[in-house]
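Residue numbers (numbering that gives the first Met the number 0), protein chains in the order written: chain A, 0 to 167; chain B, 0 to 306.
I should point out that these hints are in silico values taken from the structure, not numbers from a laboratory.
These figures come from a predicted structure and were not determined experimentally.
Derived DSS-like pairs: lysine-lysine, alpha-carbon spacing no greater than 27 Å straight-line:
{"id": "1", "chain 1": "A", "residue 1": "K70", "chain 2": "B", "residue 2": "K135"}
{"id": "2", "chain 1": "A", "residue 1": "K41", "chain 2": "B", "residue 2": "K239"}
{"id": "3", "chain 1": "A", "residue 1": "K24", "chain 2": "A", "residue 2": "K70"}
{"id": "4", "chain 1": "A", "residue 1": "K112", "chain 2": "B", "residue 2": "K127"}
{"id": "5", "chain 1": "B", "residue 1": "K239", "chain 2": "A", "residue 2": "K70"}
{"id": "6", "chain 1": "B", "residue 1": "K239", "chain 2": "A", "residue 2": "K112"}
{"id": "7", "chain 1": "B", "residue 1": "K127", "chain 2": "B", "residue 2": "K284"}
{"id": "8", "chain 1": "B", "residue 1": "K127", "chain 2": "B", "residue 2": "K291"}
{"id": "9", "chain 1": "B", "residue 1": "K27", "chain 2": "A", "residue 2": "K24"}
{"id": "10", "chain 1": "A", "residue 1": "K24", "chain 2": "B", "residue 2": "K239"}
{"id": "11", "chain 1": "A", "residue 1": "K70", "chain 2": "B", "residue 2": "K128"}
{"id": "12", "chain 1": "B", "residue 1": "K27", "chain 2": "A", "residue 2": "K41"}
{"id": "13", "chain 1": "A", "residue 1": "K70", "chain 2": "B", "residue 2": "K140"}
{"id": "14", "chain 1": "A", "residue 1": "K41", "chain 2": "B", "residue 2": "K127"}
{"id": "15", "chain 1": "B", "residue 1": "K127", "chain 2": "A", "residue 2": "K70"}
{"id": "16", "chain 1": "B", "residue 1": "K128", "chain 2": "A", "residue 2": "K112"}
{"id": "17", "chain 1": "B", "residue 1": "K135", "chain 2": "B", "residue 2": "K291"}
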Amino acid sequence: MGFDEFVADRLDRLLRYATAIACDKHLAQDIVQNVLMRAQSKWDRIGAMDAPYLYVKRMVTNDYLSWRRRKAAREVAVERSELARHVPSMADPADAHAEREAMRARIAVLPRKQRAALVLRFYEDCSDAEIAQVLGCAESTVRSQLSRALQTLRAHELARSATLGVHS
Amino acid sequence: MNDLIRQAIAAEADERVDPRTVMADLHKARKRKPLGMIIGVAALTVAAAAAAVIVPTTIKKTETAPVGASLGQEAQNVLLVGLDDVNLGDALVLARFQADGTAALVSLPRDLLVDGVKINTLFAQDPKKLTAAVEKLTGTKVDHYAAIQMRDVGRIAYLLNVEVCLRAAITDPVSGVPFRAGKTTISGDYAVAFLRQRQGLPNGDLDRIKRHQVFLAGVASQLTKERAVALAHGAAGMIKIDQGWDVLAFAQRFTGPVKISMSTLPVGTPVQNQNGFAYEADPAKSKEFTDKALAGKAADPGDLCVN
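All chains should be built: construct the whole structure from the sequences, respecting the hints.
Okay, structure coming up:
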């Protein structure tokens, strides 16, 4: 597959994926652009692989998880946790949209690697093995990252329904 | 809850920017690539890093720098990291570049243990962990780092004719590449095999370090201004540096041919642990050695032929 063909085919999906893990479309754009420029310079090698998309996705993930991006990611998290505080009180609890927005806000404040694992599982439908490959860690680590993320989300979910229960 | 998570992530993903914007930016970036040396700041930075890092003799005197450009520049310590395919540190070199571009290099054996951990595993975890370990080991502050995939070095080598000298003919049992005894010119896959071979060498990784050093010296002796430009283009995108590094300012110091001295950090007792073979580090001796070596007081390597 040529580089141009790859970009035409996968750019939207890469942007969606990057936006989902970074929770910031501009940061995601920056990451994807950087990664694609790097990928292009070594496309003869990447293009010959069995799964170029998986490899580029790994590059995107590594870039996001790298320490260079730590500061940007932290700023996004702070901003989102501010938002998260307001979402439940402003919205009608019965509203599916509000439910979803509340969940979005909770996902946005998870640790970066946990969120990446979560997105790979629930958005990209990856297996443990594929997630391990993308994150560059052991499958056992993938499982523990996912279970920790789910635990946090569930705890929030319970707390939320409890609060709503009291009010209704 | 899983459905809710799916919906939430999909909603987040939907926020993405318009792919056409990114496409347009990519095209723009691509168009100016041939002129990257002049226009693209990013490309220039990488190119300067390549020129500055791979060999500090690339920029010839004809390329006149503003008078006094190198004045007021302080010596900088740069950690050069050669990575294998899974981002393990295959080659670690601590270099001190003086204000005049003179460089003193100390190779750090990748099998060294710092706090019980092999230093070659640290970069993949976090480059900062590696620089911290090197600082602890050598007692020297690491100002910046630059990393390159070892297999990309081969592509750089295609642009050059690097002459090396082998003491005896040897075939790398891993790559199957045969090397002749005596002086030989290497490039491409041969160069990569030459730089990566460890098995079948009398002193294993320590011989490999010698090979890295003579290769760098070979690169240094082969560079012309024209080649430096090709090299900088070829290396753009291959080198990863820390973000806080003003490489352009750094590169100003290379206004003419400079001297490089090279040495290898002595290692302690070899140990065998569950992760295989490693060397104990001796922080006190390492510090003393590094201080001397970076001050340019390393012993003359003499014979440049390697195993």
